[in-house]
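Participant: Fit chain B to the supplied structure of chain A, relying on the hints for placement.
Protein sequences appear in the order of chains A and B.
Heads up: the first sequence begins at 1 in the working numbering, then just goes up one per residue.
Heads up: the second sequence begins at 1001 in the working numbering, then just goes up one per residue.
Treat the hints as calculated values from the structure; they're not laboratory data.
One thing to keep in mind: the hints can contain errors.
What the hints assert, rightly or not - With beta-carbon atoms standing in for the labels, derived distance ranges:
id : chain 1 : residue 1 : chain 2 : residue 2 : range
1  : B       : Leu1115   : A       : Leu7      : 34 to 44 Å
2  : B       : Thr1005   : A       : Asn61     : 19 to 29 Å
3  : B       : Ser1081   : A       : Leu7      : 34 to 44 Å
4  : B       : Thr1005   : A       : Gly8      : 27 to 37 Å
5  : B       : Met1015   : A       : Lys68     : 38 to 48 Å
What the hints assert, rightly or not - Below, in silico cross-link-like pairs of lysine-lysine (DSS-like), each with a Cα-Cα straight-line distance of 25 Å or less:
id : chain 1 : residue 1 : chain 2 : residue 2
6  : B       : Lys1078   : B       : Lys1042
7  : B       : Lys1095   : B       : Lys1042
8  : A       : Lys68     : B       : Lys1042
9  : A       : Lys58     : A       : Lys68
10 : B       : Lys1042   : B       : Lys1057
11 : B       : Lys1095   : A       : Lys58
Glycine is no exception: its CB is placed at the ideal position from the N, C-alpha and C atoms.
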Amino acid sequence: AQSVTQLGSHVSVSEGALVLLRCNYSSSVPPYLFWYVQYPNQGLQLLLKYTSAATLVKGINGFEAEFKKSETSFHLTKPSAHMSDAAEYFCAVSEGDYKLSFGAGTTVTVRA
Amino acid sequence: EPEVTQTPSHQVTQMGQEVILRCVPISNHLYFYWYRQILGQKVEFLVSFYNNEISEKSEIFDDQFSVERPDGSNFTLKIRSTKLEDSAMYFCASKVELAGNNEQFFGPGTRLTVL
Chain A
1 AQSVTQLGSH VSVSEGALVL LRCNYSSSVP PYLFWYVQYP NQGLQLLLKY TSAATLVKGI
61 NGFEAEFKKS ETSFHLTKPS AHMSDAAEYF CAVSEGDYKL SFGAGTTVTV RA
Chain B
1001 EPEVTQTPSH QVTQMGQEVI LRCVPISNHL YFYWYRQILG QKVEFLVSFY NNEISEKSEI
1061 FDDQFSVERP DGSNFTLKIR STKLEDSAMY FCASKVELAG NNEQFFGPGT RLTVL
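If we strip away everything but chain A, and leave its shape as in the complex, we get (with noise of 0.2 Å):
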């Protein structure tokens, strides 16, 4: 069974600081694995995905992650922080073409 841990329920972080969002996943088959972003009242949108393809993935907003088998980790990074990415973020996995599990989410707060 497929399923997804983020360590950390809030983040805080300076402007400009560097943004580290963990996830690890668990999976019986080669998974593919996406980072969504949830802004306040709004739906979830995707930021980057990985489908076993290169291991480190470019998103969208200046966001990447890197999938590293041995670790079965996924974590999200961002260079430097800015006010706009204050959201919520979730970690999600999928064995194949098949339903998304969703991790418990991570909110991130930006310090001026």
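Facilitator: For chain B alone, kept in the frame of chain A given last:
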């Protein structure tokens, strides 16, 4: 840019009442999903729908729930007799039929409040 739309944005209902949540997926997409997010909890899969039938459903999706694609554009989720614990944000999602690309596009959600 095409997007998934959902109506209503907020639905308030009394316990025991039936509700229908509506979604218009992106027009060339063939796979449709419903997920829900109870306040403060993770997003959970409910059901997937392809070729006019349910392809997968979770244990949450019991006999009180049903889905339908009544015409070429709408995709609905019906809850027959709502319970307090059905209060949640319900997200519709869709994707193209393309093997190796499970990118699902999500709508803005319908917040269901059961009183």
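Participant: Please go over all the hints and tell whether each is borne out by the structure.
Facilitator: Evaluated hints:
no., hint, in the structure
1, B:Leu1115 / A:Leu7: 34 to 44 Å, "holds, 36 Å"
2, B:Thr1005 / A:Asn61: 19 to 29 Å, "holds, 23 Å"
3, B:Ser1081 / A:Leu7: 34 to 44 Å, "holds, 39 Å"
4, B:Thr1005 / A:Gly8: 27 to 37 Å, "holds, 33 Å"
5, B:Met1015 / A:Lys68: 38 to 48 Å, "holds, 47 Å"
6, B:Lys1078 / B:Lys1042, "holds, 21 Å"
7, B:Lys1095 / B:Lys1042, "holds, 21 Å"
8, A:Lys68 / B:Lys1042, "holds, 24 Å"
9, A:Lys58 / A:Lys68, "holds, 15 Å"
10, B:Lys1042 / B:Lys1057, "holds, 17 Å"
11, B:Lys1095 / A:Lys58, "holds, 21 Å"
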